[in-house]
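**Q** Below, each chain spelled out in residue letters.
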Amino acid sequence: MTQLQTTPSATVGPYLAIGLTWEGGEFAVPADTPGAIWLRGTVFDGNGDPVPDAMVETWQADPDGRFDHPDDPRGAARYPGFTGFGRSHTDSGEYAVCTLKPGRVPDGEGGLQAPHVDVSLFARGLLDRVVTRIYFADEAEANAQDVVLRGLTEEQRRTLVAEPTDDGYRLDIHLQGERETVFFAV
Amino acid sequence: MTGTTSGSRLDLPRYARTDAGLRTPLGYDDYRSTGLRAPLRTPVDLPHRLTEVTGPLLGEDRVTATDADLTKRLGGEAQGQRIIVHGRVLDSDGRPVPDTLVEVWQANAAGRYRHVVDNWPAPLDPHFDGLGRVMTDDQGRYEFTTIRPGAYPWGNHHNAWRPAHIHFSLFGRAFTQRLVTQMYFPDDPLFFQDPIFNAIPEGARHLAISRFDYERTVPDWALGFQWDIVLRGAEQTPFETEDDGDVA
Ligand SMILES: [Fe+3]
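Chains as they are written, first to last, in UniProt numbering: chain A, 1 to 186; chain B, 1 to 248.
Pulled out of the complex, with its shape left as it was, chain B reads as follows (with noise of 0.2 Å):
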């Protein structure tokens, strides 16, 4: 994926946009908190130049051994059914996204977080903080141990309940591809009410929800699933001749 310097033009690695039938709105009118939030008017198009198809290489110095097993904090064990969560971050032309930071966060097995403006009357595990950090391994692969978040409510409308989550950000290799988003778990029964959910285009939620995985539940010990998490590819230029294949 490295350019080259031909002239004063740049031949730069592009990123291929996901079809708007196919992405998250930036709006939407069931999830209430869009409505003074999302932006009216429509986006400008911007072509990919150094800034964009450059981005952070943030490293190791980010993560420390701990980071991957949410299990096992403030001293202790946290409370819930505990599971092994990993995947593959891959990009859309299914290669790897090696040595990527990939940060998660979640509501603890009661559907609480240890945030100050989350104050239901649920329990707070004084041995769960609920943050996560690994990065991705030369295949891509990232792996951590947590518990099962439980769900939570939330005031966006009556009786309204959050399916059970996990929240990701990632940084992939450039700017282009920074994603976040959240993992759901297969079957959740309260799917159908939850416009945070129903706002992703149907034709994309089920790359939303993970896979249990019988393959990698341990024995005595941990439940598994499996989610994969595709970025944005490079978007190929088929090579040309030397005079008409610069692009910029």
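The shape of chain A in the complex, shown without the other chains (with noise of 0.2 Å):
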């Protein structure tokens, strides 16, 4: 079969909210389900300043580990409410999601991923986007296990694990510096 050759990638750049804003984005779920929490977090710069024109999209299983999607080979699940999918700009260099926990997905190799979130984040000043996952630290077992978090050094596993607050928890994204986020290649 003939391979086409993909379409670059662009940088965002300062006016993303005219093309990417929808109303209500940052809504996984609605904000009155049961179980809803909040993944927030700030965006820093390799100055330490926090970044006011980023937008975080996340991506990740439902409470039950499944996917509402036909490449799901145990099929597409529905969980009601819930869409899998947020978005949200960081005006004030922090980005929030109003989601359910998600679930333990399988890893493909017989054992079970941890609870986890795929995120992408774009910005003014990055040519393509940037993609890690945010973990939580209340699944330390389950984390423990996690084929990926497996692979990381101790100092690396840090930047991934988001702690719980009063309403859901928080993951700082740090694009450089001595606490540089891991960022991975997909």
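Keep in mind that the hints were calculated from the coordinates and are not lab data. Quick reminder that beta carbons are idealized off the backbone N, C-alpha and C, glycines included. Each hint should be verified, as a subset may be incorrect.
Which residues of chain B face chain A? A partial, calculated answer using Cβ under 8 Å [to be verified]: (1) PRO39; (2) VAL117; (3) LEU124; (4) HIS127; (5) LEU131; (6) PHE144; (7) GLN182; (8) ALA208; (9) ILE209.
Given two chains presented individually in distinct reference frames, assemble the corresponding complex, making use of the accompanying hints.
**A** So this is what it looks like as structure tokens:
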């Protein structure tokens, strides 16, 4: 089969809010859904300053560890009110997504991944998205078995693990610096 | 592309990676904003598992009928050269990507964005907001009507001007296919000094430039431009015998 060359990426630039703002984009579930949590954090640049013009997108399984998608070989499963997808602009440097905590997802090798959220981050000054994951500090046992976390050093793991807060979890994203977040090539 | 479950192993589609030499690098020295933002450490390889081969399948509920025509907004008609931009969204195997959301945004004919941060002295157009959304059809085709955006200055270097461009955002059907990019116009005289365009490896730059499309040009109405967008395709795993055919 002929392979076509993929279209190259470009930065979202400073005016992303024009095209990528949705009413309620930050809600992967309605706020009054039982079990709803907020995932929050600040995006920092290499000077340690908050980045006020980034966009964070989240994609994750539902609380049963299922995806509403035809390529899930277990069959698509729909969780009431839940889209799995959130999109948040960092107007104050902070992202916030209202969602449900994901369940564990098979790792394809006979084990289970720890609950996690896949993250794409776009900003002026990034010529492509960067990809990272959010894990949860109160899932120590699952995290210890997770196929992705097991491949990282303790210091790297810390950059991916969100801490519990009053209304959910918090994980800051550091684009550069001593605490640079682990980013993934997908 | 539907996989099967075999024991505890999952047979999933995998998405081919574009050669590093043909991908836009994250950071590029001549584009100054990358300096404090592009991560400095090498990214960690993440094999594709369930979370990566699935993705949001955003539907018609994100799009209204008027979203495909950017020239008729805010109770009037936008100023400028009316154009039709159309093309197909394909994957790198040449298969169309149907029913996928395409989001676009752009400056007006004078090169000004309707955004609080954009305050250079070019006029705002009271009838242009610069936002469009369309879904691809069952053949992966998209089309919208807009005005040709103007070039605009920015502070990156002395006398820096962005070539005219339209910003595009695409989802495809998997997290791995997500793409945000910019479409340019043929023969733009500003390419030579634009670091965002020139950050694209030379062998891939032509893929960011639309083609003037006389066929699609509508008499007495609008010029046509065609731009196909290629997302990463599923890496085909050749069929193997039962006992070694499992991949995860
Ligand atoms: Fe722009």
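**Q** Using 8 Å as the Cβ threshold, decide whether B:GLN182 counts as touching chain A.
**A** 4 Å, holds
**Q** For the restraint on B:LEU124, tell me whether the closest CB of chain A is nearer than 8 Å.
**A** 13 Å, violated
**Q** Holds or violated: is the Cβ of B:PRO39 closer than 8 Å to a Cβ in chain A?
**A** With Cβ-Cβ at 5 Å, under 8 Å, it holds.
**Q** Is the interface hint satisfied for B:ILE209? The criterion is a beta-carbon contact with chain A at less than 8 Å.
**A** 11 Å, violated
**Q** Is the interface hint for B:PHE144 satisfied, with its Cβ closer than 8 Å to some Cβ of chain A?
**A** 12 Å, violated
**Q** Interface hint check: B:LEU131, Cβ to nearest Cβ on chain A, cutoff 8 Å. Holds or violated?
**A** Nearest chain A Cβ about 5 Å off; hint holds.
**Q** Can B:HIS127 be said to touch chain A, with a Cβ gap under 8 Å?
**A** 15 Å, violated
**Q** Just to be careful: measuring from the Cβ of B:VAL117 to every Cβ in chain A, is the smallest value less than 8 Å?
**A** 5 Å, holds
**Q** Once the shortest beta carbon distance from B:ALA208 to chain A is found, is it less than 8 Å?
**A** Result: holds, 6 Å to nearest chain A Cβ.
Violated hints for the displayed structure, listed by number in ascending order: 3, 4, 6 and 9.
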